[in-house]
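Student: The primary structure of each chain is shown beneath.
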Amino acid sequence: MSRWPTWLAWLTASHLQRLLREGMIRRALAFPVVLVGLTLALTLLVVGVLRGPSIVATDHPLPPAQAQALLDEGFVVRQLDDPRQAIVRREAVLALSRDVWWTAGGRQAIHAESVLRRARGAPWWPAPPPLPDAAFGRQQGRLIALLILAIYTLYGVVFGAAMVARDRDQGTLEVELALPMPASLHGLSRWIAASAILSGWMVLGVALVAAWIGADDAPALVRIGLAAAFGAVALGLAAVGRAGLKTGFAVSLAGGLSAATALFGLGYGVPSVGRWLPIASLIAGGDGWSPLVGAAALGAVAVLVFTYRTARV
Amino acid sequence: MRLRAIQAIAARDLAMQLRGRRAWVMPLIASVLLVPLASIPLPKTTRVDSRAPYVQVQGDVPQALHDHELVRATGRGTVLRRVESGLVVETERVPSRLRTALDDTLEVQPPPPVKGVRRPPWPMPGRTLLLALIAASLLTGAVSESLPGERGRNTLDALLTAAIGRGELVLGKWLAWGGMGALLSTAAGGMALATGNATLGPWLLALPLVPPATVALGMYLVRHTGDLVGGATVSLRVIPAVLSTLGLVAWGLGFIDPLLGAAVPLGGALVMAGDTWPGWAPTLTAVASTGAATIALLWGTRRGLDHPAPREDRVSPITTTLVVSGVAMAWWGALLGPRLWAPAGNATLADALDPSTALLAGSLALLMIGSVRAAGPTGWPGVRLHAPPARSWLLAALAVPLALLLGLSPLGALPGMPATLLPRLELGLAATPGTPLAGLIALVAQELLFRGMIPELIDPRGRRSVAWELVSAGLFAAIITPHRPLEGLLLALALNLLARHTGSILPGLLARCLALGAAWGLAALWPALFG
Numbered sequence: 001m002s003r004w005p006t007w008l009a010w011l012t013a014s015h016l017q018r019l020l021r022e023g024m025i026r027r028a029l030a031f032p033v034v035l036v037g038l039t040l041a042l043t044l045l046v047v048g049v050l051r052g053p054s055i056v057a058t059d060h061p062l063p064p065a066q067a068q069a070l071l072d073e074g075f076v077v078r079q080l081d082d083p084r085q086a087i088v089r090r091e092a093v094l095a096l097s098r099d100v101w102w103t104a105g106g107r108q109a110i111h112a113e114s115v116l117r118r119a120r121g122a123p124w125w126p127a128p129p130p131l132p133d134a135a136f137g138r139q140q141g142r143l144i145a146l147l148i149l150a151i152y153t154l155y156g157v158v159f160g161a162a163m164v165a166r167d168r169d170q171g172t173l174e175v176e177l178a179l180p181m182p183a184s185l186h187g188l189s190r191w192i193a194a195s196a197i198l199s200g201w202m203v204l205g206v207a208l209v210a211a212w213i214g215a216d217d218a219p220a221l222v223r224i225g226l227a228a229a230f231g232a233v234a235l236g237l238a239a240v241g242r243a244g245l246k247t248g249f250a251v252s253l254a255g256g257l258s259a260a261t262a263l264f265g266l267g268y269g270v271p272s273v274g275r276w277l278p279i280a281s282l283i284a285g286g287d288g289w290s291p292l293v294g295a296a297a298l299g300a301v302a303v304l305v306f307t308y309r310t311a312r313v
Numbered sequence: 001m002r003l004r005a006i007q008a009i010a011a012r013d014l015a016m017q018l019r020g021r022r023a024w025v026m027p028l029i030a031s032v033l034l035v036p037l038a039s040i041p042l043p044k045t046t047r048v049d050s051r052a053p054y055v056q057v058q059g060d061v062p063q064a065l066h067d068h069e070l071v072r073a074t075g076r077g078t079v080l081r082r083v084e085s086g087l088v089v090e091t092e093r094v095p096s097r098l099r100t101a102l103d104d105t106l107e108v109q110p111p112p113p114v115k116g117v118r119r120p121p122w123p124m125p126g127r128t129l130l131l132a133l134i135a136a137s138l139l140t141g142a143v144s145e146s147l148p149g150e151r152g153r154n155t156l157d158a159l160l161t162a163a164i165g166r167g168e169l170v171l172g173k174w175l176a177w178g179g180m181g182a183l184l185s186t187a188a189g190g191m192a193l194a195t196g197n198a199t200l201g202p203w204l205l206a207l208p209l210v211p212p213a214t215v216a217l218g219m220y221l222v223r224h225t226g227d228l229v230g231g232a233t234v235s236l237r238v239i240p241a242v243l244s245t246l247g248l249v250a251w252g253l254g255f256i257d258p259l260l261g262a263a264v265p266l267g268g269a270l271v272m273a274g275d276t277w278p279g280w281a282p283t284l285t286a287v288a289s290t291g292a293a294t295i296a297l298l299w300g301t302r303r304g305l306d307h308p309a310p311r312e313d314r315v316s317p318i319t320t321t322l323v324v325s326g327v328a329m330a331w332w333g334a335l336l337g338p339r340l341w342a343p344a345g346n347a348t349l350a351d352a353l354d355p356s357t358a359l360l361a362g363s364l365a366l367l368m369i370g371s372v373r374a375a376g377p378t379g380w381p382g383v384r385l386h387a388p389p390a391r392s393w394l395l396a397a398l399a400v401p402l403a404l405l406l407g408l409s410p411l412g413a414l415p416g417m418p419a420t421l422l423p424r425l426e427l428g429l430a431a432t433p434g435t436p437l438a439g440l441i442a443l444v445a446q447e448l449l450f451r452g453m454i455p456e457l458i459d460p461r462g463r464r465s466v467a468w469e470l471v472s473a474g475l476f477a478a479i480i481t482p483h484r485p486l487e488g489l490l491l492a493l494a495l496n497l498l499a500r501h502t503g504s505i506l507p508g509l510l511a512r513c514l515a516l517g518a519a520w521g522l523a524a525l526w527p528a529l530f531g
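Protein sequence lines, in the order shown, are assigned to chains A and B. Here the first sequence stands for residues 1 to 313, numbered as in this note's numbering. Here the second sequence stands for residues 1 to 531, numbered as in this note's numbering.
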């Protein structure tokens with residue numbers, strides 16, 4: 001019975017561990033997800049919690065019905081000598097005197113005026129336009145998720161090329177190639193390991209955005225992301241050639257990144273074609289199934305190129 | 001500390017970095033970036049005069065409005081919507097002419113007129129802040145190469161064994177690049193003044209302070225780094241993040257009091273360099289705080305030269321605190337974070353977001369933290385996934401009722417817990433049917449972390465005393481079951497005991513999975529059996 005599946009599993013596990021052992025890589029992988037999560041959380045915290053309740057300032061006692069209506073809608077009524085100054089100082093959203101109301105605009109000011117007018121039994125009142133609904137949230141969430149996926153895709157090219165260049169410089173690639181196993185396994189295991197790590201973070205990124213904002217067709221987004229990860233690592237692996245970090249790595253990396261950018265461009269320029277291809281489908285959309293097949297094909301080509309171009313002592 | 005030695009180190013660093021082609025590349029880049037930024041006048045925003053003779057409206061326009069001279073129903077513009085009790089005007093701002101027309105035609109007793117108040121603009125940093133930022137960022141490469149380059153070339157030891165003190169070495173390198181940054185930013189500031197794009201003010205004192213302080217920060221960050229790539233990645237990633245965070249903090253605190261904002265080291269000077277706050281007091285405060293921070297950073301760098309980089313495989317209390325806080329933030333952030341839309345003003349969106357997706361995201365986040373930690377230098381010795389002895393499964397069966405009891409919540413939630421958060425916290429225990437995949441992933445992630453990683457982190461010596469067990473179980477209760485702490489504590493203690501006794505986390509995981517299945521089964525059968 002062939003032993004290559006066992007070898008492949010061990011090699012992949014070893015590459016996984018070596019990648020994740022480096023603190024710099026661990027931090028870089030977590031960075032996009034943490035950044036997006038923290039930005040969203042801090043924005044909502046500031047807007048929702050630290051902002052405090054909206055104040056309606058008045059220089060005279062309001063009729064009980066109006067005061068109660070404002071309280072019911074979450075406003076705080078505060079009696080001040082000069083309510084207009086409270087607007088200037090951004091302390092109040094609406095200022096009331098007996099003969100004039102002051103406002104600096106904004107949703108809360110419109111809301112307060114609406115509450116007061118309705119409490120007075122007015123025949124018309126203003127209302128702020130409806131807030132973004134779930135459908136709008138899902139649309140925006142998809143865009144944010146795609147940005148995260150695009151960042152990890154670029155990571156993929158760097159990982160694919162750099163893990164080979166690093167091993168060549170450290171001498172571990174030569175040791176690996178001396179092992180009595182098919183040379184193609186070294187490329188295949190690297191491709192699987194780097195793509196697997198990126199895939200995990202991509203899935204987490206999409207899940208977090210879907211949880212926080214919603215995301216249109218999240219499963220398709222995950223498939224598109226996985227295809228992009230596997231495709232990008234394949235591009236890096238194919239582009240690295242015989243480069244090393246000390247012997248000049250920039251040209252190989254630029255080649256891989258250019259290929260990835262070209263695919264992004266194809267997705268933007270010809271979306272009808274791009275939706276079938278890995279990386280391009282990040283821009284062009286689609287259900288993500290055919291890009292997965294494309295990524296597998298790209299991976300096979302990359303492993304072949306690696307075997308015949310790079311995996312030579 | 002000898003001035004000549006410091007000067008010699010500075011001159012050597014500059015000569016090494018600016019030799020050959022680099023001698024003109026760096027000044028060229030600085031000129032290309034800084035000269036236009038300092039000298040090109042920005043287009044002034046002008047308010048578009050919208051004094052059209054009428055306001056365009058659409059929707060349910062009352063007949064009386066059709067005849068009003070200030071309003072025209074064009075099918076565009078402000079939306080009017082008739083409801084049972086009146087007319088709703090959907091808009092972010094009611095145009096004054098529309099307000100007049102509506103009051104004229106519809107109101108019997110119009111309320112007092114509404115007048116707009118123009119607020120003073122927020123104190124925003126000017127373009128000179130960018131001059132400081134760019135002058136500082138131009139030096140990132142040189143800083144990341146300064147100390148790590150010496151280490152990489154093995155010349156640091158030679159320098160340190162020569163008759164040069166550590167302080168002189170650090171000061172010399174800081175003087176080279178901090179001085180160049182101060183010079184560049186001052187020149188750019190002068191150009192902005194000369195071209196009339198900035199006015200003379202206290203900001204000129206803060207501007208040249210930002211690059212030297214940034215250089216001190218960069219040197220501190222790479223004090224242990226031994227190679228160029230490591231130095232470049234650290235400084236490229238961390239310096240912009242630290243600068244922008246401190247700048248934002250300073251700007252935010254400035255709303256309370258400019259002096260408070262100016263007291264933020266580095267951030268205060270950065271914001272002040274943009275001529276944000278008036279007067280000398282904030283500038284002098286910023287200079288003092290940033291100067292003190294620069295001295296502290298240089299002192300730290302000097303000390304760092306003598307001490308080797310901390311080993312990543314040692315677990316310090318800070319690491320433990322960071323990991324446990326990270327676990328809590330990841331879990332609560334994913335599970336409860338979406339509810340923040342409600343206090344932020346959009347309760348509809350908060351209600352529409354699917355809690356099971358949040359459970360999946362939180363569980364995946366915990367799994368990623370666990371896997372990354374497991375693959376790190378310390379590994380994950382606390383996690384034992386091997387098959388335990390047969391008797392362990394019997395013990396696991398005994399833990400099932402306890403886990404089931406927790407799922408059924410006999411004691412109820414802690415009083416005072418927000419009602420909107422409770423369903424999501426309950427979901428964290430995976431006690432709700434309908435989310436099988438996310439629920440199972442949540443159980444696996446919780447058991448791997450709370451029975452494997454966290455006990456190992458907080459008790460690396462493996463003392464396993466009652467106090468440590470209580471701390472470990474308490475963390476589970478605080479993070480996963482804050483709404484039912486007693487039940488969470490009991491369950492965690494039982495599962496910890498099971499994991500310790502059997503030497504594997506599998507029996508506990510199986511017990512919770514069985515309890516989960518039983519809870520789902522009961523939830524499904526209960527209505528059929530008992531109505």
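In case anyone wonders, no lab produced these hints; they're calculated from the structure. Please note that a few of the clues may not be correct.
Unchecked claim - Facing chain B, a subset of chain A residues (Cβ under 8 Å, in silico):
# : residue
1 : P32
2 : V36
3 : L44
4 : W125
The beta-carbon is built from N, C-alpha and C at its ideal position, and this holds for glycine as well.
Student: Which numbered conditions among the earlier hints are violated in the structure presented, ordered from lowest to highest?
Tutor: 1 and 2
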